[in-house]
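Colleague: Residue numbers (the working numbering), protein chains in the order written: chain A, 6 to 189; chain B, 285 to 478.
None of these hints come from the bench; they were simulated from the model. Each hint should be verified, as a subset may be incorrect.
As the list claims (entries may be wrong) - Restraint-style ranges between C-beta atoms, simulated for each label pair:
| no. | chain 1 | residue 1 | chain 2 | residue 2 | range |
| --- | --- | --- | --- | --- | --- |
| 1 | B | D312 | A | M22 | 49 to 59 Å |
| 2 | A | D109 | B | L350 | 17 to 27 Å |
| 3 | A | M17 | B | V336 | 50 to 60 Å |
| 4 | B | K468 | A | R97 | 19 to 29 Å |
| 5 | B | Q411 | A | A130 | 17 to 27 Å |
| 6 | B | P326 | A | D109 | 45 to 55 Å |
| 7 | A | T173 | B | Q420 | 52 to 62 Å |
| 8 | A | A126 | B | E362 | 24 to 34 Å |
Ideal placement from N, C-alpha and C gives every residue a C-beta, glycine not left out.
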Amino acid sequence: MVDIKEGEETEMNMTPMIDIVFQLIIFFLITLKFKTIDERIDANMPKDRGPNITPPSFEDKPKVKLKVFRKNKADEATAYTLVKIDNSHRVRLPSGPWKGTQEDNQARLKAYGEAMAQIRAILIAKRQAVLNDPELYAEIVSPKPDGGAVPEGDVISLLDTLVAVGMTDIRFEGAAMPGGVLGR
Amino acid sequence: MDTNESRQTIRARPASPPDDDATRTRRDLPLVGDDTSVNMTPMIDMTFLLVVFFMLSIDLTQKEYLPVDLPFAYEGVEDLPQPDETIPRFVVNLESDGTVMFKGRRYSLSADRPEAQEAALGALRSQLRSISADPQYREPTGASRIPVLIHGDRAAKWKYAQYVMQVCAHPDIRIYQVQFAVTKPASDDASEER
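Isolated chain A, as found in the complex (with noise of 0.2 Å):
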């Protein structure tokens, strides 16, 4: 390198520098991530009350209630969600816990599936009853002690099982978060 005589053309090696670009690109491979959300699903409350008052405008509007328990929540593989429609009909969802493989969740989609069917039946023959009334809304309640215990999961399926059935109108209820609803 230090006898270059002037005059003399000289010749750079490429090699090194391709050799790091490739390393940059494959820095950049790795660390790459495409930030993707699925979808989602939109579950307003009302604006003119928290969320556990019901206004006394409400009191005379037909309505669903689905009442969430969670069962034997000690033991996680046998825990089960039940939902008790209006008190006249109980469904149980399948035990067990949501985390697992993709097989696992695909023999609980299934079972879900026909829980879910059920489900949208009684809700069906609910709506008729009251004559398909526009007025009609869903509650889905979790009281304590067991109801806050269930999985997101379990309530995200009712969730989607009211909307396809196209009960949009939803509220929830619940026990108070620690500190009451205004806090502390």
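Take the given structure of chain A and dock chain B to it, following the hints.
Modeller: Frame of chain A; chain B shown alone:
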């Protein structure tokens, strides 16, 4: 190379045909032993373009969406950006153990003692209150225009999602548009006729 040169002097190449595409034959292609060098410039150009592409598509912002197992739903709507792009959307991540992550801060709503839970909820409430206070994000009625997306794990207890909704409905915050992030199950034999 010596052998190269000597080979070239020995071998007699056929007379080259006229130099246009229609009459070019295989005898024009380089023969073994010829001194050829590949022009590296186009390859380096393409490599630089690749690097620039990856540099532009890397997301260096703070992670807004934690990797959670989203709940399954068939009736989810595509998560398109809001019609009014000036209004932000708050993404509240809810992990399976009840920890809430919002704007890079974590709040453990599932702490052992109720006082710790209250403190976590209070902290979440004050953070939401301060960043939703801007009057340009409020309707004339005072309700907030900012929606909240609950990006929760399917195994997270429902009461934590309810706590988040209760915090949003606080009179100082008044966020009433709540969305739940869901994922469509992969459609194979597991999904039946709907």
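Colleague: All hints, please: hold or fail.
Modeller: Against the structure, the hints come out as follows:
no.	hint	result
1	D312(B) <-> M22(A): 49 to 59 Å	violated, 32 Å
2	D109(A) <-> L350(B): 17 to 27 Å	holds, 22 Å
3	M17(A) <-> V336(B): 50 to 60 Å	violated, 22 Å
4	K468(B) <-> R97(A): 19 to 29 Å	holds, 25 Å
5	Q411(B) <-> A130(A): 17 to 27 Å	violated, 45 Å
6	P326(B) <-> D109(A): 45 to 55 Å	holds, 50 Å
7	T173(A) <-> Q420(B): 52 to 62 Å	violated, 29 Å
8	A126(A) <-> E362(B): 24 to 34 Å	holds, 28 Å
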